[in-house]
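One line per chain: the protein sequences are F and C, in this order. Numbered according to the working numbering, the first sequence terminates at residue 460, and the numbering increases by one at each position without gaps. Numbered according to the working numbering, the second sequence terminates at residue 138, and the numbering increases by one at each position without gaps.
Each hint should be verified, as a subset may be incorrect.
[To be verified] Estimated spans, in silico, between C-beta atoms of each pair:
hint	chain 1	residue 1	chain 2	residue 2	range
1	F	E323	C	F12	53 to 61 Å
2	C	G9	F	D370	13 to 21 Å
3	F	C394	C	T13	49 to 57 Å
[As the list claims (entries may be wrong)] Listed next, the in silico DSS-like pairs over lysine-lysine satisfying Cα-Cα at most 25 Å (straight line):
hint	chain 1	residue 1	chain 2	residue 2
4	F	K403	C	K28
5	F	K287	C	K126
6	F	K403	C	K37
7	C	K112	F	K287
8	F	K135	F	K381
9	F	K252	F	K327
10	C	K37	C	K67
11	F	K268	F	K135
12	F	K359	C	K28
13	F	K367	C	K28
14	F	K227	F	K268
15	F	K135	C	K88
16	C	K67	F	K367
17	F	K227	F	K11
18	F	K92	F	K359
19	F	K96	F	K238
20	F	K367	C	K88
21	C	K37	F	K287
22	C	K67	F	K381
23	C	K67	F	K287
24	F	K135	C	K37
25	F	K135	C	K112
26	F	K92	F	K233
27	C	K112	F	K381
28	F	K403	C	K126
29	F	K359	C	K67
No lab work stands behind these hints, which were simulated from the structure alone. Even glycine gets a Cβ: it sits at the ideal position worked out from N, Cα and C.
Below are the chains, spelled out letter by letter.
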Amino acid sequence: MAVEDFHHALKFKQDLCIGCSHCTGVCPTGAIHVEDGHPVMNPNRCVDCGRCYQACPVNAIYIEQDDFQTVIDCKYPVLLLPSIFISQFEDKIKEKTILSVLYHMGFKHVFEVEKSVDFIKDEMVKTVEETNGFKPIISTFCPAIVRLIQVRFPVLVPNLYMLKPPLDLTAIYIRKLLIDEDNIPAEDIGIFYVTPCAAKIAAIKSPATDEESSVTKVINMNFLYNKVMRVIKQGEYKLCEDSRTRYHRLTKASLNFTLTGGEVSMLKNGRNLAIDGIHNVTDFLEKLEDEDIQDIDYLELRACDESCAGGILCANNRFLMAERQRKRMQKSPDEIDAEDNDLLNYTSYLAEHKKVLGKVEPRSMEKMDDNMAIAMQKMRKAFEINQNLPQVDCRICGYQSCKALSEAVVNGQAEVAQCIFVQRALEHSEKISQLEALRINTKIWGTKKNDPTIAKNLNL
Amino acid sequence: MDFIYHVEGGDFTNAGSTSSEVKRMLKKLGVSPEIVKRTVVALYEAEVNIVAHAYRGDISVNLDSDKIHIVLADEGPGIPNVDWAMQKGNSTASPKVREMGFGAGMGLPNIKNNSDELNIQTEVGKGTTIDFVNYFNK
Numbered sequence: 001m002a003v004e005d006f007h008h009a010l011k012f013k014q015d016l017c018i019g020c021s022h023c024t025g026v027c028p029t030g031a032i033h034v035e036d037g038h039p040v041m042n043p044n045r046c047v048d049c050g051r052c053y054q055a056c057p058v059n060a061i062y063i064e065q066d067d068f069q070t071v072i073d074c075k076y077p078v079l080l081l082p083s084i085f086i087s088q089f090e091d092k093i094k095e096k097t098i099l100s101v102l103y104h105m106g107f108k109h110v111f112e113v114e115k116s117v118d119f120i121k122d123e124m125v126k127t128v129e130e131t132n133g134f135k136p137i138i139s140t141f142c143p144a145i146v147r148l149i150q151v152r153f154p155v156l157v158p159n160l161y162m163l164k165p166p167l168d169l170t171a172i173y174i175r176k177l178l179i180d181e182d183n184i185p186a187e188d189i190g191i192f193y194v195t196p197c198a199a200k201i202a203a204i205k206s207p208a209t210d211e212e213s214s215v216t217k218v219i220n221m222n223f224l225y226n227k228v229m230r231v232i233k234q235g236e237y238k239l240c241e242d243s244r245t246r247y248h249r250l251t252k253a254s255l256n257f258t259l260t261g262g263e264v265s266m267l268k269n270g271r272n273l274a275i276d277g278i279h280n281v282t283d284f285l286e287k288l289e290d291e292d293i294q295d296i297d298y299l300e301l302r303a304c305d306e307s308c309a310g311g312i313l314c315a316n317n318r319f320l321m322a323e324r325q326r327k328r329m330q331k332s333p334d335e336i337d338a339e340d341n342d343l344l345n346y347t348s349y350l351a352e353h354k355k356v357l358g359k360v361e362p363r364s365m366e367k368m369d370d371n372m373a374i375a376m377q378k379m380r381k382a383f384e385i386n387q388n389l390p391q392v393d394c395r396i397c398g399y400q401s402c403k404a405l406s407e408a409v410v411n412g413q414a415e416v417a418q419c420i421f422v423q424r425a426l427e428h429s430e431k432i433s434q435l436e437a438l439r440i441n442t443k444i445w446g447t448k449k450n451d452p453t454i455a456k457n458l459n460l
Numbered sequence: 001m002d003f004i005y006h007v008e009g010g011d012f013t014n015a016g017s018t019s020s021e022v023k024r025m026l027k028k029l030g031v032s033p034e035i036v037k038r039t040v041v042a043l044y045e046a047e048v049n050i051v052a053h054a055y056r057g058d059i060s061v062n063l064d065s066d067k068i069h070i071v072l073a074d075e076g077p078g079i080p081n082v083d084w085a086m087q088k089g090n091s092t093a094s095p096k097v098r099e100m101g102f103g104a105g106m107g108l109p110n111i112k113n114n115s116d117e118l119n120i121q122t123e124v125g126k127g128t129t130i131d132f133v134n135y136f137n138k
């Protein structure tokens, strides 16, 4: 897949950015460096986890979404709603109220994403028990994790579980249902997915394999939350009493799926682990790749702390959301039949489409050069440079760490004098002038931060 | 490129750090995932052998653009019968140790399976030197 094929939903607003480099510091794949006072993202490294979005103190990072006008223009728009959407709202706002507001916005139906968990459950148990080959099986539920593995842990790509996640399976079922039972022309159907994170958008716009997503458009969860809240607060809605019965109660397992441990709790046998938070996941995968950890059967890995309740587009605190989700679980049934979840009438159709088509390719971004001999030279040089750097990882050079700077230097993307310690040493030995040092710093941080009048303003 | 890593016998908390370091270098070099895996498995096994059985050891890594050459030299009890230990399932581990699931006799065979060239020198009471090479373009 060519570089330009990788869609990223995370975008920078240069006019709001204050050039603080917090985003550079938190990135788990070292995808961001600073140039001319602003972050520059390497699209090959970014996995859309959204840690930069959370770290930005001035909201200069935003998540691109499809225009809401597309809902209005669509002949038959249906909403694909993750169960966590409801858990954003206070308890006193009833599920029925929220759904009514959504119907009034023009959606013909609202389907819960996790409807297909009742189908997935048995598939998962079977696969985990029957697989003898590549273990642990690694869940593909979280698209940021799939990308992380492609980029940083290519050795583990064969371990990825090729069963489609609930989002895709439910979308496939909806399309089939609307065409077969309601006789809606395929071209009129628009499936609008409400996303809690940037990674899902990226996965829909450019899937990990060549298979196209069944989802038509994506709406950001915080955007829809605001829209719904406003209608509720202004009281401009009527409760729907119609027969749109396709929104059902979910089972405990379905509601739990989206939280940390949701997948693992369905597996009764073997050793299965649930890990959330991308830095925790990275640590664990490092160990797994080192052969340090063995005999694990299944790994549920989620990029966000508290899984989807911690999605960067969730409108509320992740712990409160997880608590509400669990409360809803208490009131929900353990098992459900086809009468309450008509998706179960489509199990044979879903079984035909359950596998992810195509292959997830490793796309390691670690290698220094395509030519091994040149990579070797670069590595040696970078190693030598790094040995002379202070190891403070202060980011004044514009890079995440001393190591990252030394690699950028050998790749011709940076100069070693970007390191403030090296720069001082060069100034001291009169190898570079003060003016030259100022030029280097301006190249990294822009003119504003390197304005000599700063001293005057500070009365120094 | 040459690197030397020191390993302390009995330090299980840090066992595997050399293989982790080597893995990172191989990735930077662009070595295929399969060969990275082979190398890491062989090195990890040999590294843990030092931690488990020897007093101390040095691991020297010589990295080239077409191959990696690793020598693990330890001061330790040595292996009394290498040919015997090289066979799958043979182990000197006590029944007690085996009961815990260790000492399955897979250590040396595992290193052999995951290396292209392997040479073991050992002297009882002195120590063991495991020397292996993996090629990147096969």
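Quick rundown of the hints versus the structure:
Taking the beta carbon of each, F:E323 and C:F12 are about 39 Å apart, not inside 53 to 61 Å as hinted. With their beta carbons about 41 Å apart, C:G9 and F:D370 fall outside the hinted range of 13 to 21 Å. Under the hint 49 to 57 Å, the C-beta atoms of F:C394 and C:T13, about 29 Å apart, miss the expected range. A C-alpha spacing of about 12 Å is found between F:K403 and C:K28, which places the hinted pair at or below 25 Å, so the restraint holds.
Taken as a hint, the F:K287 and C:K126 pair is broken in the structure, with Cα atoms around 32 Å apart against an allowance of 25 Å. Our distance criterion of 25 Å between C-alpha atoms is met by F:K403 and C:K37, whose separation comes to about 24 Å. Taking the CA atoms of C:K112 and F:K287, the gap is about 22 Å. The hint holds against a cut of 25 Å. Among the hinted pairs, F:K135 with F:K381 is inconsistent with the structure: their alpha-carbon atoms are about 37 Å apart, more than 25 Å.
This hinted pair checks out: F:K252 and F:K327 have alpha carbons roughly 10 Å apart, not beyond 25 Å. With a C-alpha separation of about 14 Å, the suggested pair C:K37 and C:K67 falls inside the 25 Å cut-off, and the hint holds. Only pairs whose Cα atoms come within 25 Å are accepted, and F:K268 paired with F:K135 is accepted, the gap being roughly 17 Å. Between F:K359 and C:K28 the alpha-carbon distance is near 24 Å, which keeps this suggested pair within the 25 Å criterion.
A hinted pair counts as satisfied when its Cα atoms are at most 25 Å apart, and F:K367 with C:K28 qualifies at roughly 4 Å. Our distance criterion of 25 Å between C-alpha atoms is broken by F:K227 and F:K268, whose separation comes to about 41 Å. Restraint check for F:K135 and C:K88: the C-alpha separation of about 22 Å stays at or below 25 Å, so the hint holds. Restraint check: the Cα-Cα separation between C:K67 and F:K367 comes to about 16 Å, which is no more than 25 Å; the hinted pair holds.
The suggested pairing of F:K227 with F:K11 holds, with an alpha-carbon distance near 22 Å, which does not exceed 25 Å. Annotation: proposed proximity of F:K92 to F:K359 is violated, straight-line Cα distance about 46 Å (limit 25 Å). About 10 Å separates the Cα atoms of F:K96 and F:K238, which keeps this hinted pair within 25 Å; it holds. About 36 Å separates the Cα atoms of F:K367 and C:K88, which puts this hinted pair outside 25 Å; it is violated.
Distance check on the hinted pair: C:K37 and F:K287 sit about 13 Å apart at the alpha-carbon level, within 25 Å; holds. About 19 Å separates the Cα atoms of C:K67 and F:K381, which keeps this hinted pair within 25 Å; it holds. With a C-alpha separation of about 24 Å, the suggested pairing of C:K67 with F:K287 holds against the 25 Å cut-off. Between F:K135 and C:K37 the CA atoms are separated by roughly 14 Å; this keeps the pair inside 25 Å, and the hint holds.
Restraint check for F:K135 and C:K112: satisfied, since their Cα atoms lie roughly 22 Å apart, inside the 25 Å limit. For the hint pairing F:K92 with F:K233, the CA-to-CA distance comes to about 12 Å; that is within 25 Å, so the pair holds. Distance restraint check for C:K112 and F:K381: the Cα-Cα separation of roughly 33 Å exceeds the 25 Å cut-off, and the hinted pair is therefore not satisfied. A C-alpha spacing of about 39 Å is found between F:K403 and C:K126, which places the hinted pair above 25 Å, so the restraint is violated.
With a CA separation close to 29 Å, the supplied pair F:K359 and C:K67 exceeds the 25 Å bound.
Against the hints set out earlier in the document, violations occur for numbers 1, 2, 3, 5, 8, 14, 18, 20, 27, 28, 29.
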